[in-house]
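If you read the protein sequences in the order shown, they are chains S and W.
So the first sequence is numbered by UniProt numbering: it starts at 1 and just counts up by one.
So the second sequence is numbered by UniProt numbering: it starts at 1 and just counts up by one.
A couple of the hints might just be wrong.
As the list claims (entries may be wrong) - Straight line, CA to CA, 25 Å or less: simulated SDA-like cross-link-like pairs of lysine to any residue:
no.	chain 1	residue 1	chain 2	residue 2
1	W	Lys186	W	Asp240
2	S	Lys300	W	Asp240
3	S	Lys94	W	Leu36
Stated by the list, open to error - Which stretches of chain W does chain S cover? Using the computed rule of at least three CB atoms under 8 Å from a CB of chain S, they are:
no.	segment
4	116–125
5	237–248
6	253–265
What the hints contain is simulated information worked out from the structure, not anything from laboratory work.
Don't be surprised by glycine CBs; every beta carbon is placed ideally from N, CA and C.
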Amino acid sequence: MPFVLRSALLTMLLSSVSLQAAELLNASYDVTREFYKDFNPAFTQYWKDKTGETVTINQSHGGSSKQARAVIDGLEADVITMNRSADIDVLAQKAKLIPANWQTRLPNNSVPSASPTVFLVRKGNPKHIKDWDDLVRPGVAVVIPNPKTSGNGKYSYLGAWGYVTQKGGDATKARQFVTELFKHVSVLDTGGRGATTTFAQREIGDVLLTFENEVHLIQQEFGDDKYEAVYPSLTVLAENPVAWVDKVVDKKGTRKLAQAYLEYHFSAQGQAIAAKHYLRPQVTDAGQPAFKKVNTFTVKQAFGSWSDAEQTHFSDGGIFDQIYLK
Amino acid sequence: MKKKKKHLLPGFGLSLGYTLVYLSLIVLIPLAAVFLRSAELGPSEFWAVVTTPRVLATYRLTFGASLIAALINLVFGLLTAWVLVRYQFFGKKVLDALVDLPFALPTAVAGISLTAIYAPNGWLGQWLEPHGIKVAFTPLGVVVALTFIGLPFVVRTVQPILEDFSAEAEEAAASLGANRWQTFYKIILPAIWPALLTGFSLAFARAVGEYGSVIFIAGNMPMVSEITPLMIITKLEQYDYAGATAIAVVMLVISFALLLIINLLQWWSSHRHGNRA
């Protein structure tokens with residue numbers, strides 16, 4: 001069977017080539033596909049100019065906790081780029097793949113970009129939704145993905161809670177508000193993109209709560225004239241942290257490259273690419289004028305830390321579970 | 001006559017050994033891993049995880065909807081098999097091929113299409129909605145999805161039995177004075193009963209484990225339209241492996257018990273039928 005032989009030889013040849021060229025695997029969450037399609041070639045070019053080395057960046061996308069789980073279970077990702085620091089913390093807590101202080105290794109707590117949770121309403125804003133309080137008016141239907149399974153949903157929930165507490169309300173008030181809010185939610189999709197489909201294609205609900213960058217993608221995808229973004233007076237800022245996975249980069253000998261790749265996120269070029277994809281740059285003001293001014297709080301500011309928020313609100317029997325049991 | 005029992009076909013030892021190794025590799029070892037993982041929890045913890053009100057609600061929906069869906073498929077699967085075997089008509093081959101489609105379709109595709117059709121703005125949903133019938137994003141939607149994915153089982157198990165069933169037996173019954181209902185009830189039904197039960201249990205088992213198609217149409221509201229597999233996924237999302245496997249163990253045990261009961265029922269009915277004949 002000469003054909004089999006030939007293809008076997010070819011495979012061997014190809015794999016030996018790829019052994020020489022440096023390779024990185026980036027485990028990321030669902031909606032960064034478009035961003036990394038721009039970012040990776042820019043970095044490859046930058047690295048080639050700087051060192052003469054050709055690198056290949058492979059991407060793996062999926063739900064954020066699913067990706068973190070895959071890395072814990074042995075997916076050899078050199079770097080992990082998520083939308084919640086909790087999904088990177090678990091690499092330290094559950095598997096000791098990275099040190100617990102990973103956030104201190106890169107600028108701005110390892111957060112190159114962020115996106116606030118905003119509202120998307122139908123054209124003309126027929127229900128006059130301006131702020132969080134309008135979401136719980138009678139007759140308003142809200143679409144939020146399930147906070148138990150979706151980072152996007154967690155941010156929306158925490159945004160509602162923080163809106164109350166940051167304005168001086170206590171936990172009882174916040175709980176009342178969040179309970180009322182979820183009474184206006186009739187579908188809990190498992191992920192952010194599912195919620196987008198429910199809102200845009202099934203035409204369910206008057207308002208979708210999601211990240212600002214997703215809002216822009218929706219407007220591109222379904223047409224500018226069908227939806228409007230509404231910026232509440234105060235909202236949560238979803239930070240997108242990045243980290244290299246020490247155990248993996250040491251094994252593969254890619255530490256230097258992985259570090260450079262992540263540092264490039266914080267460079268002027270990296271920040272500009274983020275801005276192009278409507279992710280708010282956090283260390284330079286590249287493209288900032290294009291972003292609407294919005295008052296935000298981070299999870300750390302409003303809840304102490306992600307693990308505290310996770311424990312209090314989303315663990316089994318936590319407050320989110322309780323509001324459905326009454 | 002107390003000699004070693006001889007098998008008609010040679011190679012029993014070898015083939016049994018092969019079967020056991022194969023089943024162990026493919027089925028038993030992964031399942032054992034599930035049990036081991038859930039054993040990380042103490043008994044009281046295990047019990048607490050699998051009996052929270054929210055999880056209990058999902059058992060009711062998953063097993064209830066699966067049962068309803070399998071019953072629907074039992075009736076309409078038999079009807080479909082009957083039509084395909086007993087009548088000749090234009091387009092029969094196409095119809096026959098159509099039956100297998102739910103097998104071939106990725107379940108997520110099925111879920112998305114069903115949701116699109118039954119959503120309030122969908123082809124069917126827009127006519128049902130004004131009459132107060134909500135399908136998508138309700139438990140009813142779950143039944144619809146499970147009925148869809150379970151359709152081929154009853155048809156494909158009953159069809160060959162019906163094909164082999166000789167028309168003479170029916171003619172004989174008729175000539176002995178049986179009316180149509182008696183012919184069906186006393187002659188045909190006993191013959192296809194084991195196959196019907198098999199198809200029913202396959203459809204049921206498939207429905208219990210189904211995730212992909214249901215998740216899109218269910219709406220996933222806690223206490224109302226969450227299925228048990230979603231609970232498992234939710235636990236995994238929280239990095240709670242032990243909790244996820246605990247619920248998986250409960251599903252496994254219930255499913256196994258139900259399938260065992262169905263198998264016993266089948267054995268008992270074929271036995272009774274065999275004695276009578």
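Cross-check of the supplied hints:
Restraint check for Lys186 (chain W) and Asp240 (chain W): the C-alpha separation of about 53 Å exceeds 25 Å, so the hint is violated. Our distance criterion of 25 Å between C-alpha atoms is met by Lys300 (chain S) and Asp240 (chain W), whose separation comes to about 23 Å. The straight-line distance between the Cα atoms of Lys94 (chain S) and Leu36 (chain W) is roughly 19 Å, inside the 25 Å bound, and the hint therefore holds. With 5 residues having a beta carbon nearer than 8 Å to a beta carbon of chain S, the segment 116–125 of chain W meets the requirement of three or more and the stated coverage holds.
With 5 residues carrying a beta carbon less than 8 Å from a beta carbon of chain S, the segment 237–248 of chain W meets the three-residue requirement, and the given coverage holds. A stretch counts as covered by a chain when three or more of its residues have a beta carbon under 8 Å from one of that chain; for the segment 253–265 of chain W and chain S the count is 0, and the coverage is violated.
Hints 1 and 6, counting from the list given before, are not met by this structure.
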